[in-house]
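K.L.:
I would like the entire structure built from these sequences, with the hints used as guidance.
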Amino acid sequence: MPRLSFPPSGPLASLLGGFLFLLVSPVWLGSDNHPIIAVPSFVAFAIIGLVLIGKGLQPAVARMRVGAPDMAISNTMLRVGEEFSVTYRQAWKRATDVNRILFRLVLRESVRYSRGTETVTETHDNVVQRFEIPGRHFEAGETVNDHVVLRIPETGMHTFLPSGDNRIQWFVQLSVEMAKWPDYVREYEVTVLPELAR
Amino acid sequence: MADIDIEVTLRGGELEGGSRCYEPGSMVQGWLRLTPREDVKCDRVLVRLEWHTEGRGDGDRDCVAEIGLAVAGLTADTSVIRDFNLTLPKDPWSYAGHYINVIWEVIVVLDISFARDVIRKEQIVVVPQRAS
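Residue numbers (my numbering), protein chains in the order written: chain A, 1 to 198; chain B, 1001 to 1132.
To be clear, the hints were calculated from the coordinates, so they are not data collected in a lab.
We put the beta carbon where it would ideally sit given N, CA and C, even for glycine.
The reader is advised that the hints may include incorrect statements.
Claimed, not checked - A few chain A residues that face chain B, going by a derived Cβ cut-off under 7 Å, partial list only: (1) Ala72; (2) Phe84; (3) Val111; (4) Gly116; (5) Glu118; (6) His137; (7) Arg151; (8) Glu154; (9) Met157; (10) Phe160; (11) Asp165; (12) Leu196.
Claimed, not checked - To spell it out: a stretch of chain B is covered by chain A in this simulated footprint if at least three of its residues, at any positions, have a beta carbon under 8 Å from a beta carbon of chain A; those stretches are: (13) 1073 to 1080; (14) 1094 to 1100; (15) 1111 to 1118.
P.N.:
So this is what it looks like as structure tokens:
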């Protein structure tokens, strides 16, 4: 079965953005602005920077407990209405209490538009199917193996990528929710062809 | 703008909820009746099959088929009828989502000398027939 890979750009973008905000924040204190403007601006930039860095580090923090998942899908070129299976294997590096392991099949609409001089991107996720593995305690070195069956709805839409302005994509999302630790979240894109599974 | 009635009648597909639905890859057949209220010098009549997006994002569109119909001059109060056949591609399907809608249209364009084009649009739905 084909292995699924994920794009690591999200955390990297958060980290870069965070460092950028942190680096820029002292500029406010050095400027000629009145302290009433300069100090809150400095604090706001520093907080945004720290939040973004924290968000960027989240996967790395989660990875301290859990290894990278090994996921494979029965078919990466799916048809509308087609059932497919995902095999999932993941090892724990340290003893961890897991609240639950959640799989979601998501239809994502991404749009990009111009507003004044800026370009805005928005996304809307429609979770069409969920599958939950109940939580439990995992010992260090323990491995979870599971098998999930998902289905692109018969009334669904195929993958649609005419440009960067309008995109309709399908994803399998994995979320390992650990007690007192950040969630370990990964998503994998699957392509849905403009064909019906008969 | 030239004073002219454009009547578009579509055939084929299935009528569902007031919209004509076509299977992707199928043929859109129809005819149009042009009835000018005055003499019109029409350079050409085009029938286009187009999709476009509506919704939050900047628009995308594509003309997937276009045919030119032979119509020379149009005489006042004299109807001209022409048939047309256009083939739909396999995708995209019509779609109504949260941020994105994909709309299909049959568009008739009358290219008139020294005047604004006269355009008539007829919306269609392009979805495969799903098991009920």
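K.L.:
Apply the coverage criterion to the region 1111 to 1118 of chain B and chain A: a residue qualifies when its Cβ sits closer than 8 Å to a Cβ of the chain, and three qualifying residues are needed.
P.N.:
Violated - the region 1111 to 1118 of chain B has 0 residues with a Cβ nearer than 8 Å to chain A, which falls short of three.
K.L.:
Are there three or more residues in the region 1094 to 1100 of chain B whose C-beta lies within less than 8 Å of some C-beta in chain A?
P.N.:
holds (count 5)
K.L.:
With a cut-off of 7 Å on the beta carbons, see whether A/Phe84 makes it to chain B.
P.N.:
With a closest approach of 18 Å, the A/Phe84 hint is violated.
K.L.:
Once the shortest beta carbon distance from A/Ala72 to chain B is found, is it less than 7 Å?
P.N.:
Not OK, violated: A/Ala72 not within 7 Å of chain B, min 27 Å.
K.L.:
With 7 Å as the cut and Cβ atoms as the points, is A/Arg151 at the interface with chain B?
P.N.:
14 Å, violated
K.L.:
For the restraint on A/Glu118, tell me whether the closest CB of chain B is nearer than 7 Å.
P.N.:
13 Å, violated
K.L.:
Between the region 1073 to 1080 of chain B and chain A, see if three or more residues pass the 8 Å beta-carbon test, and mark the coverage as holds or violated.
P.N.:
violated (count 0)
K.L.:
With a cut-off of 7 Å on the beta carbons, see whether A/Val111 makes it to chain B.
P.N.:
Hint on A/Val111: holds, closest Cβ of chain B at ~3 Å, below 7 Å.
K.L.:
Going by Cβ atoms only, is A/Glu154 closer than 7 Å to chain B?
P.N.:
5 Å, holds
K.L.:
Mind checking the CB of A/Gly116 against every CB in chain B and telling me if the closest is under 7 Å?
P.N.:
14 Å, violated
K.L.:
Mind checking the CB of A/Leu196 against every CB in chain B and telling me if the closest is under 7 Å?
P.N.:
5 Å, holds
K.L.:
Does the CB of A/Asp165 sit less than 7 Å away from some CB of chain B?
P.N.:
4 Å, holds
The structure does not agree with the numbered hints 1, 2, 4, 5, 6, 7, 13 and 15 stated previously, though it agrees with the rest.
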